[in-house]
Amino acid sequence: MTVQIRLFAMFRETAGADRLEAPADAADTVNELWAWLVARHPELDRHVPAAAVNAQWARMDARVADGDEVAFLPPVSGG
Amino acid sequence: MTVQIRLFAMFRETAGADRLEAPADAADTVNELWAWLVARHPELDRHVPAAAVNAQWARMDARVADGDEVAFLPPVSGG
Amino acid sequence: MPMVELTESPIDPRVVEAAVARPEAGAICTFLGVVRNSNLGRDVGHLEYEAFPEMAMPSMVRIAEVVAERWPGARAAIVHRTGRLEIGEASVVIAVSSPHRAEAFEACRWAIDTLKTAVPIWKKEIWADGEAWIEGVPAGPIEVPD
Amino acid sequence: MPMVELTESPIDPRVVEAAVARPEAGAICTFLGVVRNSNLGRDVGHLEYEAFPEMAMPSMVRIAEVVAERWPGARAAIVHRTGRLEIGEASVVIAVSSPHRAEAFEACRWAIDTLKTAVPIWKKEIWADGEAWIEGVPAGPIEVPD
Numbered sequence: 003m004t005v006q007i008r009l010f011a012m013f014r015e016t017a018g019a020d021r022l023e024a025p026a027d028a029a030d031t032v033n034e035l036w037a038w039l040v041a042r043h044p045e046l047d048r049h050v051p052a053a054a055v056n057a058q059w060a061r062m063d064a065r066v067a068d069g070d071e072v073a074f075l076p077p078v079s080g081g
Numbered sequence: 003m004t005v006q007i008r009l010f011a012m013f014r015e016t017a018g019a020d021r022l023e024a025p026a027d028a029a030d031t032v033n034e035l036w037a038w039l040v041a042r043h044p045e046l047d048r049h050v051p052a053a054a055v056n057a058q059w060a061r062m063d064a065r066v067a068d069g070d071e072v073a074f075l076p077p078v079s080g081g
Numbered sequence: 062m063p064m065v066e067l068t069e070s071p072i073d074p075r076v077v078e079a080a081v082a083r084p085e086a087g088a089i090c091t092f093l094g095v096v097r098n099s100n101l102g103r104d105v106g107h108l109e110y111e112a113f114p115e116m117a118m119p120s121m122v123r124i125a126e127v128v129a130e131r132w133p134g135a136r137a138a139i140v141h142r143t144g145r146l147e148i149g150e151a152s153v154v155i156a157v158s159s160p161h162r163a164e165a166f167e168a169c170r171w172a173i174d175t176l177k178t179a180v181p182i183w184k185k186e187i188w189a190d191g192e193a194w195i196e197g198v199p200a201g202p203i204e205v206p207d
Numbered sequence: 062m063p064m065v066e067l068t069e070s071p072i073d074p075r076v077v078e079a080a081v082a083r084p085e086a087g088a089i090c091t092f093l094g095v096v097r098n099s100n101l102g103r104d105v106g107h108l109e110y111e112a113f114p115e116m117a118m119p120s121m122v123r124i125a126e127v128v129a130e131r132w133p134g135a136r137a138a139i140v141h142r143t144g145r146l147e148i149g150e151a152s153v154v155i156a157v158s159s160p161h162r163a164e165a166f167e168a169c170r171w172a173i174d175t176l177k178t179a180v181p182i183w184k185k186e187i188w189a190d191g192e193a194w195i196e197g198v199p200a201g202p203i204e205v206p207d
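Protein chains in written order, with my numbering: chain A, 3 to 81; chain B, 3 to 81; chain C, 62 to 207; chain D, 62 to 207.
Rather than coming from a laboratory, the hints here were simulated on the basis of the structure. Backbone N, C-alpha and C fix where the C-beta goes; we use that ideal spot for every residue, glycine too. Watch out, some of these pointers could steer you wrong.
With the C-beta cut set under 10 Å, the calculated list includes, among others, these residues of chain B facing chain D [said to hold, decoys possible]: (1) M3; (2) E15; (3) P25; (4) W38; (5) L46; (6) A57; (7) E71; (8) A73; (9) P76; (10) P77; (11) V78; (12) S79; (13) G80.
The list that follows gives simulated cross-link-like pairs (lysine to aspartate or glutamate, EDC-like), each with its CA atoms no further than 16 Å apart [claimed, not checked]: (14) K177/C x D190/C; (15) K177/C x E204/C; (16) K185/D x E130/D; (17) K185/C x E15/A; (18) K185/D x D27/B; (19) K185/C x D104/C.
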């Protein structure tokens, strides 16, 4: 009963991991999951992420369910 | 004592020649030289040429001197 | 299906161009994003690009689809590089073909502008004396232009 | 000196692009004019291009010079084909590099628009049942854009 977290680029390097696992009861929403993550990696606190649930764009108040994969994305800079 | 005329594309095919020679006293201006040419190739009469003297853009009232090369250019369609 | 790729290998712009060539297309506009030797006054040694492939791919496919929907007769191909890139290498190549040139330029410009703001890809600059991830713009779903 | 050419041989866009690549250029916009299989509702068999080389060459050089003057840091290369061209072949390739992409797109667009209206080159369409020279616009000196 877990939620998968994926991190990229600056977030990945800051947290020192590209994937993390949170217990399913850690958060009801994307926003709460970010707070759970920041509690463990306070260096992330100054950042404002975009989020995706199961590789679909999601608002920070979107609900998170058991088995979801939630990605937190820094501002993009491709091209 | 002559003026060289150069023709391109539609004008060249209409006149059946890419180079013609006019006597230097055939025309004092580019416009008069065009009239001289049209008199010999009346099929050109419906066209409005741009002109160049010695490979430089020229107005139709520009003067023509002995030894000049005058080019008559149909509307361009490159690219 | 439009040609859309993420690749760790050098991009051949002619392959991208060829993917959009069609007998009815009179114009092809190709954009290359190239790694520059400096940015904001600092000398750049090399770049590293990272993508979230499961989102970046559908996002680039969507850009190519919008090009075909929004500009009648237009087709787009998009290839983005990932991994380590040296100065002068192409990080992204976008080719757009269309019957006439105005649409090719306009759609190609929209495609690269949108890619830079909507596709989950990040670049890190590596200098002689340090490095930093470049923070661009908050990403989100692609909006179809008017 | 900018790369500017008239050629009877197929144009290699890579060579044109390479002529403007520089370590400080982050963007290259390349335009290909391609022979289409139809125009104004008629099936085109092939095209023939004719140039007045003594004027077309300096005219194209001037376009490349204006690009470098008008758009800081921009460089242009221009190659135009002459003679017989088949469907799908490139009649003209223009590549513009610049530090950032906005200038590359804008200068490349200006260069092809200007080439089409100012350079003494003409095309003839050959159909199954006839042929005609295409009458474009009255040509004249190149004007520097604002």
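Comparing the hints with the structure gives:
1. Interface hint status for M3/B: violated, as the beta-carbon distance to the closest one in chain D is roughly 23 Å, over 10 Å.
2. Look at E15/B: its Cβ gets to within about 7 Å of chain D, closer than 10 Å, so that hint holds up.
3. Interface hint at P25/B: violated, since its Cβ lies 23 Å from the closest Cβ of chain D, which is beyond the 10 Å cut-off.
4. Evaluation of the W38/B hint against chain D yields a violated restraint, the C-beta minimum of about 20 Å exceeding 10 Å.
5. Hint status for L46/B: violated, given a least beta-carbon distance of 13 Å to chain D, over 10 Å.
6. Look at A57/B: its Cβ gets to within about 4 Å of chain D, closer than 10 Å, so that hint holds up.
7. Because the closest C-beta pair between E71/B and chain D is about 9 Å apart, less than 10 Å, the hint holds.
8. Annotation: A73/B was flagged as interfacial toward chain D, and the flag holds, the nearest CB pair being 6 Å apart, inside 10 Å.
9. Look at P76/B: its Cβ gets to within about 6 Å of chain D, closer than 10 Å, so that hint holds up.
10. Residue-level restraint check for P77/B holds (minimum Cβ-Cβ distance to chain D is 5 Å; threshold 10 Å).
11. Annotation: V78/B was flagged as interfacial toward chain D, and the flag holds, the nearest CB pair being 4 Å apart, inside 10 Å.
12. Look at S79/B: its Cβ gets to within about 4 Å of chain D, closer than 10 Å, so that hint holds up.
13. This hint holds: G80/B has a C-beta 3 Å from the nearest C-beta of chain D, less than the 10 Å allowed.
14. In summary, the hint linking K177/C to D190/C is not supported, as the alpha carbons are separated by about 27 Å, beyond the 16 Å threshold.
15. With a CA separation close to 13 Å, the supplied pair K177/C and E204/C stays within the 16 Å bound.
16. Taking the CA atoms of K185/D and E130/D, the gap is about 33 Å. The hint is violated against a cut of 16 Å.
17. Restraint check: the Cα-Cα separation between K185/C and E15/A comes to about 11 Å, which is no more than 16 Å; the hinted pair holds.
18. Proximity of K185/D to D27/B is assessed by CA-CA distance (about 35 Å); at most 16 Å being required, the pair is judged violated.
19. As the CA atoms of K185/C and D104/C are separated by approximately 13 Å, the hinted pair is consistent with the 16 Å bound.
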